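Hints are included, so try docking the two chains, each in its own frame, into the full complex.
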Amino acid sequence: MARKSRMFDIAAIQKALPQRFPFLMIDRILELEPKKKVIALKNVSINEGFFAGHFPGKPVMPGVLIIESMAQAAIMLFYSEEMNSGAKKNYYLGSVKVRFTHPVFPGDQLKIIVEPLKITSAAAIVSVSAMVGEQEAAKGELALSIKDEPRTF
Amino acid sequence: MQDLENEVRNLVAGIIEKDPGEVTPDAKFFQDLGVDSMMALEILAAIEKKYKIAIPEEKLPQMISLRETMNIAREYIGKKEQNV
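Residue numbers (this note's numbering), protein chains in the order written: chain D, 1 to 153; chain A, 154 to 237.
Treat the hints with care, since some could be wrong.
[Unchecked claim] Distance condition first, Cα-Cα at most 27 Å in a straight line; then the derived BS3-like pairs of lysine-lysine:
hint, chain 1, residue 1, chain 2, residue 2
1, D, 37, A, 202
2, D, 58, D, 111
3, D, 37, D, 88
4, D, 37, A, 212
5, D, 118, D, 89
6, A, 232, A, 212
7, A, 181, A, 202
8, A, 233, A, 212
9, A, 212, D, 147
10, D, 118, D, 35
11, D, 118, A, 212
12, A, 232, A, 203
13, D, 118, A, 181
14, A, 205, D, 118
15, D, 35, A, 233
16, A, 232, D, 118
17, D, 97, A, 205
18, D, 36, A, 205
19, D, 139, A, 202
20, D, 15, D, 37
21, D, 139, A, 203
22, A, 171, A, 202
23, D, 118, A, 171
24, A, 233, D, 118
25, A, 205, D, 139
26, A, 202, D, 35
27, D, 97, A, 212
28, D, 36, A, 203
29, D, 37, A, 205
30, A, 171, D, 97
31, D, 37, D, 139
32, A, 232, A, 202
33, D, 35, A, 212
34, D, 97, D, 37
35, D, 97, A, 203
36, D, 118, D, 88
37, D, 37, D, 111
[What the hints assert, rightly or not] Simulated coverage check for chain D against chain A, where a stretch passes if three residues somewhere in it have a Cβ under 8 Å from a Cβ of chain A:
hint, segment
38, 88 to 98
39, 117 to 123
It should be emphasised that the hints constitute simulated quantities derived from the structure, not laboratory data.
Small disclaimer: the values here were computed from a predicted structure and weren't measured.
Glycine included, C-beta positions come from ideal geometry on N, C-alpha and C.
With the rest of the complex left out, here is chain A (with noise of 0.2 Å):
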């Protein structure tokens, strides 16, 4: 699970325009990164490309760390998984 950590980092990392090392798990997207609703989006829609997963709009205000964006992440593909 570390290479997902890793490409969900360097993917939040280049629609933010941060250097990855800032996004740590728990730093904060809005408080700590800058992040928007707009940018949260990108990152929404990258993920589902990436993983070719569907993650519902709900779960977008979920997604407020590195952290949380890779437990949704891994729910869904998960989900994948099991249809498969």
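Only chain D is shown next, with the shape it has when bound in the complex (with noise of 0.2 Å):
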């Protein structure tokens, strides 16, 4: 029987996404549904350097690096092998419409739950949660596009 979600460590992410330190924003997967559903974790600690700054002795996660996160996740629903193969695409992260609930602290795993409202070959609006245990820290939508060709600037 195929299996119909699978898992994927930081390695396999990796292979997958582009990218890395200190922007690469997922820790593991844990539910992959391509086109239908992502669960990704997202482990904060106090040495992530923004913390330094936001704030000084007030450590709380930025939202917009929250947003980052859901959007990474986001683009794991057009997951294929051939993004493992280093195929050049380009991902857009096109309008975000997300509401904070609560603060994420150091220490905090963010649970990231995306699930798509409208998704076409190589777009989509998604429908995204993020949760710290069982209390909501974020949720909204998010539409985003992933393209093929190099972006020439």
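Below, the structure written as structure tokens:
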């Protein structure tokens, strides 16, 4: 029987996603059903550089980085074996509508859940949420697209 | 069908953040109204949701103006009603 859902460790994530330190914002994928659902983990550590300034003595994870974690998890909706071959793709975040409902602190583990509201071969509008345990930290909608051709600046 | 025109116009205007008056039937989405491909997909998704229809991805490139978008919406609303 074919496995519907699969799990990715950090090595597998790095094969599929182009982001790297200090901007790879997911650590593990617990569930992946391409085009249907992604559940990813982001471990939040006091060692992360942004906590030095956000804020001194009062570390809180910046909301934009929660969005970045969500967006990186959302890219995995488009996962295919081809992504592992290093094929050049570009990822664009088109729009963001996210509400932050609870602060995220060092030591928290964000569980990011992504489900498409509308998905095509090259773009998606997705519903996203980030949970810390049973507590919702953020939820909303993202629009993103993925393109093959290299972007020329 | 005037209702459909107004509804779709308001929906498009809301997504692209323009005054509904600017979204004339033949204003070109890309050239005249600054719509990009992501906004076009949002428009398509919003129409699908509002009218509870499914519009295939291949129709997206044809949604170049309010008039064309309404024609596509009307076509799929019609198909849905036939199936009821």
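Here is what the structure says about each hint:
1. 37/D x 202/A: holds, 20 Å
2. 58/D x 111/D: Distance ~22 Å between residue 58/D and residue 111/D Cα, so the pair holds.
3. 37/D x 88/D: Since the Cα atoms of residue 37/D and residue 88/D sit roughly 23 Å apart, the hinted pair holds (cutoff 27 Å).
4. 37/D x 212/A: Cα-Cα ~25 Å, so holds.
5. 118/D x 89/D: holds, 21 Å
6. 232/A x 212/A: holds, 15 Å
7. 181/A x 202/A: Distance of about 23 Å is within 27 Å: holds.
8. 233/A x 212/A: This hinted pair holds, its Cα atoms lying about 16 Å apart.
9. 212/A x 147/D: Holds - the C-alpha atoms of residue 147/D and residue 212/A are around 19 Å apart, at most 27 Å.
10. 118/D x 35/D: holds, 9 Å
11. 118/D x 212/A: Distance of about 14 Å is within 27 Å: holds.
12. 232/A x 203/A: Holds - the C-alpha atoms of residue 203/A and residue 232/A are around 15 Å apart, at most 27 Å.
13. 118/D x 181/A: holds, 24 Å
14. 205/A x 118/D: With Cα atoms ~13 Å apart, residue 205/A and residue 118/D stay inside 27 Å; holds.
15. 35/D x 233/A: Holds, at about 25 Å.
16. 232/A x 118/D: holds, 20 Å
17. 97/D x 205/A: holds, 22 Å
18. 36/D x 205/A: holds, 20 Å
19. 139/D x 202/A: holds, 20 Å
20. 15/D x 37/D: holds, 19 Å
21. 139/D x 203/A: Measuring from Cα to Cα gives roughly 22 Å; hence the hint holds.
22. 171/A x 202/A: At roughly 21 Å apart (the allowed maximum being 27 Å), residue 202/A and residue 171/A satisfy the hint.
23. 118/D x 171/A: Status holds; Cα separation ~23 Å.
24. 233/A x 118/D: holds, 19 Å
25. 205/A x 139/D: holds, 24 Å
26. 202/A x 35/D: holds, 19 Å
27. 97/D x 212/A: holds, 26 Å
28. 36/D x 203/A: Holds, at about 22 Å.
29. 37/D x 205/A: Distance of about 22 Å is within 27 Å: holds.
30. 171/A x 97/D: holds, 18 Å
31. 37/D x 139/D: Holds. Residue 37/D to residue 139/D sits at ~15 Å (cutoff 27 Å).
32. 232/A x 202/A: Holds, because 16 Å separates the two Cα atoms, which is no more than 27 Å.
33. 35/D x 212/A: holds, 20 Å
34. 97/D x 37/D: Roughly 19 Å between the alpha carbons, so the hint for residue 97/D and residue 37/D holds.
35. 97/D x 203/A: holds, 19 Å
36. 118/D x 88/D: holds, 24 Å
37. 37/D x 111/D: holds, 13 Å
38. 88 to 98: holds (count 3)
39. 117 to 123: Our answer is that it holds, as 5 residues pass the Cβ test (under 8 Å) against chain A, meeting three.
Against the hints set out earlier in the document, no violation occurs for any number.
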